[in-house]
Amino acid sequence: MTDGAAADEPVHDGPVPDEPVPVGRRTDLGFAKLMPDLDRDGGWLLTLDGTPQSYVDLADPTHLEFEYTRRLGHLADALAPAEQPLDVLHLGGGALTLPRYLAATRPGSRQRVVEVDGPLLELVAEHLPWPGPDPDGAGIAATVGDARAALAELPPGSRDLVIADVFHGSRTPAHLTSVEFVRLAAAVLREGGCYAANLADGPPLAFARAQAATVRAVFPYVCLVAEASVLRGRRYGNVLLAGSTAPLPAAELARLFAGDIFPARLVAEEDLTELVGRTAPVTDADATDSPPHRTAPSASAETCRLAAVPSGAREVGRFDFPCRRRPGASADRAARTGCQNRRVHARAGSTSKERAMTDGAERPELGAVPETALWTLWHRAVEARRPDTVLADPKAVELVDRIDFPFEARFGSNALVSQLQALRAACFDREVTDFLERCPRGTVVGLGDGLETQAWRVDNGRSTWLSVDLPETAALRERLLPPDERHRILAQSATDPGWMDGVDPANGVLISAEGLLMYLRPEEVRTLIAACAERFPGGSLVFDTVPRWFSRRAVEGKLKNRHYQAPPMPFGMDADERGKLASAHPAVTDVREVYPEGGRGALRALLSLARRVKGRPSVVALRFAER
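Numbering (the working numbering), first residue to last: -18 to 608.
Calculated from the structure, these hints are not laboratory results.
Please note: incorrect hints may appear among the correct ones.
To be verified - Derived pair list, reagent style DSS-like, types lysine-lysine, alpha-carbon separation capped at 25 angstroms:
| id | residue 1 | residue 2 |
| --- | --- | --- |
| 1 | Lys561 | Lys595 |
| 2 | Lys595 | Lys541 |
| 3 | Lys595 | Lys539 |
Could you put together the complete structure from these sequences and hints?
Take a look at the structure:
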């Protein structure tokens, strides 16, 4: 299709299936794609050039999937009594997630949506229609136009809520970041109305500080909301700013944000003053686009100081996973069930730096999901120490002996679990071995690689290996398993497609995601598969999944012992559902399960019987078509 063409491109080859199929269209700002959520009837994901933009559930518009939409939903919930209609202006439309939510939760609301990308709005209207305005103006009216120009044309005092959620790609345009723009928004608000802006920033949070200063220059009451790791400068993420001429319900908002399945911190008053510091408001003369998405470097001391949790406040971390709204969820419940921000300390009473100075042992401090690297390492090593082991892994044994960490006290000792983890690793080893026989100089990419020692088990001496993981885990791997010319380490999220730029596909590519995808949201899994299929023709992707029942128990916080709770696992897939993965991208030409082989004792017999059970964990291999 040429640029500017209006016809939709079905993102599917072959016979039309019973399920909805993705559709795409070239728009003014890129290539937009609507992808059905095969795990949720009525669910659709909108992406623009591969970047997720919106998620809509046509069957249940009150379902808010993305963290920033949930926070905007909480804000709207707290601004007025339940079901009271509001006059709302939405600057930026996407798939109209928030307008649909407000139409369902506040019937009779009059909402106008301004979206600059006309073809995108047409695509959404054709495939995901919304309730239009009635004769009295209640409903959703969507128009094409520039956000700032639309603000300038509105009568003063005509809106209760103005939501600015405008991105060109991953960046907010400069002309929507200045104090002059915020003043236009303030002018159309009624007394006590609220202005809310969804932005994105990463370390050192210079853009977020400047935007907070800008909103504070116009409104006397302002709050900033973000996840703790974003405030600490550990990662790039969404930042919500809200301003009003009347006091905001800060206590209620703080409770809603902290108790959400994506917990976040509300920063206001003195804490916001400290965060902003001497940062000046942005004017039209010096406005710039928001910074691009890039991997966060280590947090600076200044960022950590300004993002410190106030005395007496509860700190709750977050995991990205989809959920239904949980009315009344409290911060206490989130703290009880989340175990999200638990840190790993080898010993109490001294810092890791002080302890490391006393001897040469490595004492890791990792967050909940990165800590799973130690869990899998421990179980491989336990199995490898056996004389009748199903996986020879002396490097894992060596690492466990080098790391000063209470493995057994923390994770427990279970011979069956250790054997199962080793058999899972052996499945991946067989796939990599087969790949290297076909492509001796190929590249093996390990996503979420942790402390995986596969290269020491199956490397052929000629291949290239790239380990991709979050910065804190990548730093630990670099200390314990130093890179060399053929073994590289990249500190980057597996969901950030930037890691693909470091892969040379000339000699073949196999991507391994062992123990990773279950910690991603379903739409992130589909986006990752589609991106790999697009970038690596002829390549393959191998990953493991947990069944749906196991995923639910992890999300509910029920996978735990006295000392350890498994992180939430939002992506679950029963073994008989793997065929659905072919719809992620037309280039996915082969989907097959990799079965464990061998085994010891009773488990050996059970493994063959387990193939008949759909609710079993599985290892899946995808093959991508050549081009």
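Structure-based check of each hint:
no.	hint	verdict
1	Lys561 / Lys595	14 angstroms, holds
2	Lys595 / Lys541	24 angstroms, holds
3	Lys595 / Lys539	21 angstroms, holds
The earlier numbered hints are all upheld by this structure, with none contradicted.
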